[in-house]
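K.L.:
So you can see what is in the structure, the chains are spelled out below.
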Amino acid sequence: MTFFEELSKIFPVDRLLTDKEMLSPYESDGLTAFAVTPRGVVIPETQEEVIEVVKICAQHKVPFVSRGSGTSLSGGTLPVENGIVIALNRLNRIVELDPKRRVAVVEPGVINLDVTKAAQPHGLHFAPDPSSQIICTIGGNIAFNSGGAHCLKYGMTANHVLGMKVVLATGEVVEFGGDSLENNGPDYHGLFCGSEGLFGVVLESTLRLLPKAEKFHTVLVGYDSTEKAGDAVSAIVASGILPGAMEIMDRLAIDAAEAAVDAGYPKDAKSVLIVELEGPTEQVESERKELDKILEASGPLELQVAKDAAARLKIWKGRKSAFSAVGRLSPDFIVQDGVVPRKRLGEALRRIEEISQKHGLRVANVFHAGDGNLHPLILYDGTVEGELERGEALAGEILEMCIEMGGSITGEHGVGMEKRAYLPKMFSDLDIEFLMETRKAFDPDQIANPGKMFPEGQAPSLTLYGLHPLEKKGIASRH
Amino acid sequence: MFAPSKIEDVAEFVGDSDHVVHIGNGTKFPLDSPSPPNLSLSGLSGIVEYEPSEYTITALAGTPLKEINEALLEHNQYLPFDPPLVEAGATLGGTIACGLSGPGRIRYGGLRDFLIGVRFVDGNGHVLQGGGKVVKNAAGFDYPKFLCGSKGRLGVIVETTFKVFPRPMDSRTLLLSFKTLDEALNALIDVTLTTWDPDAIELDPINKQILLRLCGNTDALNARMPAIQKYFSKTASNIQLLIHAEEIWRGLNEYAWRPRNSTLVKIPTTPTAIPSMEAKLAHISEHRRYSMAGNLALITLSHSDKASTSDVELFGNLSLNADHVIGPTLANLLPHTALEAAIHDRIELTFDPHQKFHSVDPGQ
Chain A
0 MTFFEELSKI
10 FPVDRLLTDK
20 EMLSPYESDG
30 LTAFAVTPRG
40 VVIPETQEEV
50 IEVVKICAQH
60 KVPFVSRGSG
70 TSLSGGTLPV
80 ENGIVIALNR
90 LNRIVELDPK
100 RRVAVVEPGV
110 INLDVTKAAQ
120 PHGLHFAPDP
130 SSQIICTIGG
140 NIAFNSGGAH
150 CLKYGMTANH
160 VLGMKVVLAT
170 GEVVEFGGDS
180 LENNGPDYHG
190 LFCGSEGLFG
200 VVLESTLRLL
210 PKAEKFHTVL
220 VGYDSTEKAG
230 DAVSAIVASG
240 ILPGAMEIMD
250 RLAIDAAEAA
260 VDAGYPKDAK
270 SVLIVELEGP
280 TEQVESERKE
290 LDKILEASGP
300 LELQVAKDAA
310 ARLKIWKGRK
320 SAFSAVGRLS
330 PDFIVQDGVV
340 PRKRLGEALR
350 RIEEISQKHG
360 LRVANVFHAG
370 DGNLHPLILY
380 DGTVEGELER
390 GEALAGEILE
400 MCIEMGGSIT
410 GEHGVGMEKR
420 AYLPKMFSDL
430 DIEFLMETRK
440 AFDPDQIANP
450 GKMFPEGQAP
460 SLTLYGLHPL
470 EKKGIASRH
Chain B
0 MFAPSKIEDV
10 AEFVGDSDHV
20 VHIGNGTKFP
30 LDSPSPPNLS
40 LSGLSGIVEY
50 EPSEYTITAL
60 AGTPLKEINE
70 ALLEHNQYLP
80 FDPPLVEAGA
90 TLGGTIACGL
100 SGPGRIRYGG
110 LRDFLIGVRF
120 VDGNGHVLQG
130 GGKVVKNAAG
140 FDYPKFLCGS
150 KGRLGVIVET
160 TFKVFPRPMD
170 SRTLLLSFKT
180 LDEALNALID
190 VTLTTWDPDA
200 IELDPINKQI
210 LLRLCGNTDA
220 LNARMPAIQK
230 YFSKTASNIQ
240 LLIHAEEIWR
250 GLNEYAWRPR
260 NSTLVKIPTT
270 PTAIPSMEAK
280 LAHISEHRRY
290 SMAGNLALIT
300 LSHSDKASTS
310 DVELFGNLSL
320 NADHVIGPTL
330 ANLLPHTALE
340 AAIHDRIELT
350 FDPHQKFHSV
360 DPGQ
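Respectively, the protein sequence lines represent chains A and B.
Residue numbers for the first sequence follow numbering that gives the first Met the number 0, so the first one is 0 and each next one is one higher.
Residue numbers for the second sequence follow numbering that gives the first Met the number 0, so the first one is 0 and each next one is one higher.
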């Protein structure tokens, strides 16, 4: 039997897509500059169906890319042209939610925010909160170890995954970890988080839930420069306060957010800083006194304190909509995800401004200031000859800067398709070879999400400049 | 025993050796190894880089936890997961290899969550890197997490980078006594669902007592404690605010309750599984505690207890996922199923193609 004959034994025609027009929604993810048409898309509804598909892929050595909502900003779920896409959105059951153990057992297609919604009646929530949380899925959060605004205090997705059931690319089904905070033996579920889909497919995961904080104190501060916002962050850190979140946005990002959601951000500020304290009421009140002093001394233009839950949500809505809002300022944009040591944030911003001017493209900055994670949004118009290439060159220079400063090329979006050319700048040849060997222990035929994370051989065409090799072959196209 | 002070020398030694059994300061040895150690990491010691403003510290693997804690204290920072055996002399590398966290693990995360970068020597003698030196980093596979609990079988950890946090200003400890274990367990679960942000919840199932630690600013704790004490007035038979609690926590951190020469075993669990755990464990161990809000059973075995049966059989028969922490025992309790073992064998071959770190289980 051929590969597709075997698939059609399991999937009815409406869940095994092969027509070109049916495949088009799956050609791209959040990194819209690339598109690849896969050979087909399967839409399983049960874990057993996922296992069967992976087994058939393993048998025929056909590559597969599993995907949820396709929000990856690093091209992590870009299809491969000789493979299939396994769309996991219908595996969206919350299998169990136990407040006593404070765990939720969920399938990979469950939307991030839906975990918190289900936990809310028990006063609990799922801490990782990527900006795309209203649409992104837990499977993708695990594959790329997603972060969010509250990572400094609570950590990334991996810190909240206690165990998982996975089907390896070999078709083997195995469980790692469990429902306890603790684990014996090597931490396989920790290794799987952030493995970018290169080992197999997560069928079910056990997530840690935390009580929702009793009290929030959310402040929005406007400054006449981004440096002042950065200095305020340094002063807060030096004081020993551990805020739940510290976020900075520059003028261009503020404009975008205001245009999109009218969050009430200061009109004349060059930057805004959002600081959120959270915890028991008395603790937050105590820290607030200290925070007030620090912020008063930081030379703010304007200071807004969220008076109630609605005001708090409004402040966050502006921040969380920033990426999509930038679409109002520019037809296309590239989101970067580099990390620099926190103390060098000011310097990093100055250099980004210089790089931006050099390439003649605007850059809006949104960043998780508490952990030095930058999200420069590089604005370009794909219809203007050469702008994408300039944008990519600009993005590349920012990544080089992050590495030079001792940071990372990615804080929370993963390497994916987008940054694989930069992996060798962070890791030695031996390190990369070892990463590849590790992958082969789980996926000897390298059929799970191939072409991501690793630079392919010594191929120079894998830089972000110029045509992608798939484009040269006429396989991929850019929007 | 070779005791190098440089990473390159460790790499060369591993490259040139057929068999490597490495050790830090020996606070937990012999772990699972039947052979005497031939590589000591106690000389590979010292803080490489400490950036209080970045919340990160990088140190060589043989650095004692005590030295780390003292350096952090100078800047009012700490490792929130309370790594154990500090006074005994435990090192960073040994703590990682054994996957050990302490009571504070419940608040912000465990060892696995605070270890953000490692350098390690694989079985080929190559020095490899996983993670990095910034608090947030998603590049490459998460070897730092994977090596937690690896028992030295995947390589020699040589350098580590941890995320650290500002140290809470103050703390309060309540000793809560209950009439029955069920009442204690209900109270424990209730506390985990409160918004108090508890820092440690330790259960003594034999005396039916809970130690509850809260951390924060002094004024905030003073304001909150009366309400918390009152909360337990209906359920607890006795509520005591401990004055010199540091000593008690230090003792727990050193497993001071463990009889000398006993074997200490850890078993991950959940608070709701404790009644069934108790039914199994009461027969095999007189000394046991539940750490981290009922997420880890710590039990001791005396030599005479297990004279007739190996630990592998003992825990296998009880269907318990157990691992040794300290003590004169040689059994390898991991992994558990044939498929896990097969996958683990493949991974071990990646890390250690010549099986240099592989130890033979004399029980098999």
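Since the hints were made in silico from the structure, they are not lab data.
Warning: the hint list may mix true and false statements.
[To be verified] List of simulated lysine-lysine pairs, DSS-like, C-alpha gap at most 30 Å:
no.	chain 1	residue 1	chain 2	residue 2
1	A	K152	B	K233
2	A	K99	A	K19
3	A	K424	B	K132
4	B	K178	A	K342
[Said to hold, decoys possible] Derived DEER-like restraints, expressed as beta-carbon distance ranges:
no.	chain 1	residue 1	chain 2	residue 2	range
5	B	F1	A	E44	31 to 37 Å
6	A	K342	B	Y230	39 to 45 Å
7	B	L241	A	Q445	24 to 30 Å
8	B	E312	A	E4	57 to 63 Å
9	B	A340	A	E20	45 to 51 Å
10	A	A310	B	L241	36 to 42 Å
11	A	H121	B	K229	45 to 51 Å
12	A	E403	B	F1	32 to 38 Å
13	B	Q354	A	K60	25 to 31 Å
14	B	I46	A	D307	29 to 35 Å
Note that CB positions come from ideal geometry on N, CA and C, so glycine has one too.
K.L.:
Look at each hint and say if it fits the structure.
P.N.:
Here's how the hints hold up against the structure:
no. : hint                         : in the structure
1   : A:K152 to B:K233             : violated, 34 Å
2   : A:K99 to A:K19               : violated, 48 Å
3   : A:K424 to B:K132             : holds, 15 Å
4   : B:K178 to A:K342             : violated, 53 Å
5   : B:F1 to A:E44: 31 to 37 Å    : violated, 58 Å
6   : A:K342 to B:Y230: 39 to 45 Å : holds, 42 Å
7   : B:L241 to A:Q445: 24 to 30 Å : violated, 57 Å
8   : B:E312 to A:E4: 57 to 63 Å   : violated, 49 Å
9   : B:A340 to A:E20: 45 to 51 Å  : holds, 47 Å
10  : A:A310 to B:L241: 36 to 42 Å : holds, 41 Å
11  : A:H121 to B:K229: 45 to 51 Å : violated, 23 Å
12  : A:E403 to B:F1: 32 to 38 Å   : holds, 37 Å
13  : B:Q354 to A:K60: 25 to 31 Å  : holds, 29 Å
14  : B:I46 to A:D307: 29 to 35 Å  : violated, 46 Å
In terms of the numbered hints stated before, the structure departs from hints 1, 2, 4, 5, 7, 8, 11 and 14, listed from lowest to highest.
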